[in-house]
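Undergrad: Residues per chain, in single letters:
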Amino acid sequence: MSKQGKGLWRRLEEVPREVLYLLIFLAIIVPTVSPIGLAVPISDEAKAWYNTVDKLPAGTAVFVDFGYSGGGEPELGPMAVATYHHMLRKKLKVIAMSTSLEGPLLFERAMAEVGPEKYGAKYGVDYVHIGYIAGTETAMAAVGKDLRATTTTDYKKVSLDQYPIMAGIKDASSFQLLICFTTGGDQSEGWVRQWVTPYKTPYIANVLALMIPTMLPYRKAGQLLSLTAGAQAGEVELLIKVPGRGIKSADVISVCHLLMVAFVILGNIAYYGRKASGG
Amino acid sequence: MFSLWIFSIAFRDNVFFKFAEHTFVGAAAGHNIVYGVDNVLRYGWTPFTKGALLYVVAFLLGIVLYTRYHKKYFWMSRFPLSVMVGIGIGLSMRATVTAEFIAQIQSTAALKILGVDAWTGFSNLLFIIIVLTVVYFFIFTFPSVHKGNLGIISKFARYAMMASFGYSFANALLSRFNMIFGRVDFLYTSWLPLPGAMVALPIVLILLAYAMIPAQKRPWPKPSKPS
Amino acid sequence: MSLFVRRQLPIIIVFITALLVMVDYFLKIEGTSPAVRDLQNWGIILTAFTLGFGAVNLFYLHTRHISRRTRGQWPFSIWLLVMIAAFSIVGVALTPASKEYSWMYNSTYFALSATIYSSTGFFIASGVYRSLKVRNLEAAILLLAGGATLLRNAPVLAANVPFLISLDSWLSAVPTTSAQRGIMIGASLGAIALGVRTMIGRETGFLGRLTEAERGR
Amino acid sequence: MLIALWIFIVGCMEMAKKKLPQFRKIAGLDALPEMVGRAAEMNRPVHFTTGLGELTGTVAPQLVAGLAVLGHVSELAAKYGVKIVYSVYQAQVMPLATEIMKEAYIRAGKPDAFNVEDQIRYLSGEQFAYAAAVQGFAERERPAANIMIGPFYAESQLFAETFFRVGAIQLAGTARGYQIPFFAVVCDYLLIAEEIYAAGAYLSKDPVQSGSIQGQDLGKLVAWILTFIGVLATAAGSPIIINLLKA
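Protein chains in written order, with the numbering used here: chain A, 1 to 279; chain B, 1001 to 1227; chain C, 2001 to 2217; chain D, 3001 to 3247.
Hint data in this document are derived by calculation from the structure and do not stem from the laboratory.
Take these hints with a grain of salt, some might be off.
Simulated crosslink set (BS3-like; lysine-lysine; CA at most 30 Å straight-line) [what the hints assert, rightly or not]:
(1) A:156 x C:2133
(2) A:55 x A:200
(3) B:1147 x D:3019
(4) D:3102 x B:1147
(5) D:3205 x D:3017
(6) D:3083 x D:3205
(7) A:157 x C:2133
(8) C:2133 x A:122
(9) B:1147 x D:3083
(10) B:1155 x D:3083
(11) D:3025 x C:2133
(12) B:1147 x A:170
(13) A:55 x A:157
(14) D:3220 x B:1112
(15) A:47 x A:275
(16) A:47 x A:157
(17) A:47 x A:156
This structure is a prediction, so every number in the text was calculated from the model and none was measured.
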């Protein structure tokens, strides 16, 4: 018995990886193909995110960093889209730049998804993108110090002077809010160092869930007004009542996490089973 | 649209993976060049043509950067590099002290232990204790502070950090599932409806299944020959 | 003399630029501001120049593969160089804001980077099965915190068991934030120390390879 | 504050030239002899790698720390007669690593046992190509121990899982906060964040690094005291420290 038991436990502990992968794959595909529509609670951070944007009066200038890379698009894209819906509906003046090389292209993708014309928003009047600027923190510092001296054109190489939105925009002090969507710690932390510290610009950031813990100390010290992960896009979509990709992912995430919990339990049972049977 | 079948195969099988990887690396390098040129023109050339003549120095320095590939004159590339390093250090040092040292201490010190309800008080106290023990943990050069019973401080700090890593790890899982879902969702909603996808899908699935069969001998990614 | 130009001068440049940037921030002296503004813009331009390094390195490596006909490698090397050329030519000639470039980007680079990063998820997940185990007290704490967060991150559970949300906010607000803050304070000192060492020429990694004579110092 | 820190760091670096500071015990390092010993018993190799990053970037100190540990592990491996393989991502590290390992073998009295070609493997300067190659090595040679110290990125997850599966006992350390949790979950021994610098300085006995760490420690002491007094002052109802810090 003991010998047989040991073998069983060992086999359970050393399940081929392929089996595990297949389970995860199924856990993702099944809810994607047939959504279940499980409930989504709205967290405090998502509310803080919504409120920070919502309380700005129409016409306020907001600075956005499209700082994520293609790899992070599935996670951060939905939140960027949801936030743009919100900002354009509120008639805020949204000026974006990118600290990530792929930013301008991802900006185009996001705008195609938002459809700014729904809100009567026009490029150059209500929103604009001033392009990728190399140097990460150097770029942030330069734009904060004097935006117009750093760049005179947008990402399409059109002079910024032609855009009505740029009237009165000079440096970091022209903006009432800074929003950063990023996959990089250098970016999310860099804005704290280069804008929040010297100019006291209110700042909210949307980052990969795995970056949240590292950013938490800034949040607690009040250097960030809201810190959300990409997965919270669904909650913001509910708040602004524009359902999108974020809410769709909630089912998948629920199922996957339940599977993970099962993995943990099974893994531990196998481990202790093997130990108990002297393996 | 060829990129999509790469997805299915990217996590298994040698040749396809290698092909995808080389496409990725090549595209990334090309993309970098494109934006490098774009930035040099927009932020350097435009002001230069508008009369900021000093920018010519930046151009020269930029070109000198490429001497690093020269056997004899590689040291010249140190000048532009030192300008970049200098700016970087200056920018980070000036703000790090305020943002990550002073502000963090200040925010910790501002926590109230007394005069709040018991649970908040306890949480705040725990918070302060963890901050202090973790900072203590990272004191390396005075061995006497970790001797004997004082060792328990570092131990406690390690436990606290483990809790935070557990939290981070769970969050990382969330991140990755989101990404996988993003791809699957894209395949399902944007790609499947396309003409031809219905023909391609079974082929991809068969390839995938094939790749799975000799699984023991073909772990992903298959070892590429060290070159 | 030459050693001075090669080794000491770069360090002096670092020192001066860093000092200038810091002085401009802490003491508002008339005149440094425009200089620092230009300096920062130069920094952007220089960084933009460095974006070509990757391509140059790849070019060296892969032309070698091609000329040696490295088995199982050289056709890929050619393909890689073709990709670099295609991206650069289309991107520079038609500008990166063009439709053609967008299409190229979306169908190759974007799809691949999203895929490659997401595939690591499978590894983490099997890591969960195999190694998230109660081996000792440290691992137990890690497992408890991780497990609670896992439960919370499943929206369906969180919606039905509100206790999970408050447990999770406590976990994130108290042990996680405080431990990370402790690490952050330590790391900020590390960053400052690195800055100091570089400014006074004790950290010379950025100089790249040193010749024999330079190392002798 | 910045000036005070500056004085601490420079002062300690000068002092360290005369007398090296003492270090506290670093738990992970004590495990190294056991790890190498196990490899000797099992007659399997030890694998070492330092992650991504360049010697010219901001992560350079992490690489340097990793290389210092490499020297130590190589010496141990040479003594026990275990083969150690170092997987390199950065071409520029190759000559440095060769020198370090050669010296380690000489210190152990076995200069002939070192084979550069076989033991230092350059695995391309591309993240996922490097990751794939390291995983391939793990599957083929099934090392008994795996040591990863340096700046790691997304490949950390792949490495930790793969080496765990082939049964290697692992020591990992990085100062990149995002990757520490993966190591914490999977690896047997862990160096957390700044610990790798201390480990590197301790093993290499380099006065600049050691002195700088001592200077930082003084800074931490200041942080400690400020926080402590600040908390007490707040509890007593006085915002004195907080106001002091705002100034």
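Undergrad: Any hints from earlier that this structure breaks? Give me their numbers in increasing order, please.
TA: Hints 1, 4, 7, 8, 9, 10, 12, 13, 15, 16 and 17 not satisfied by this model.
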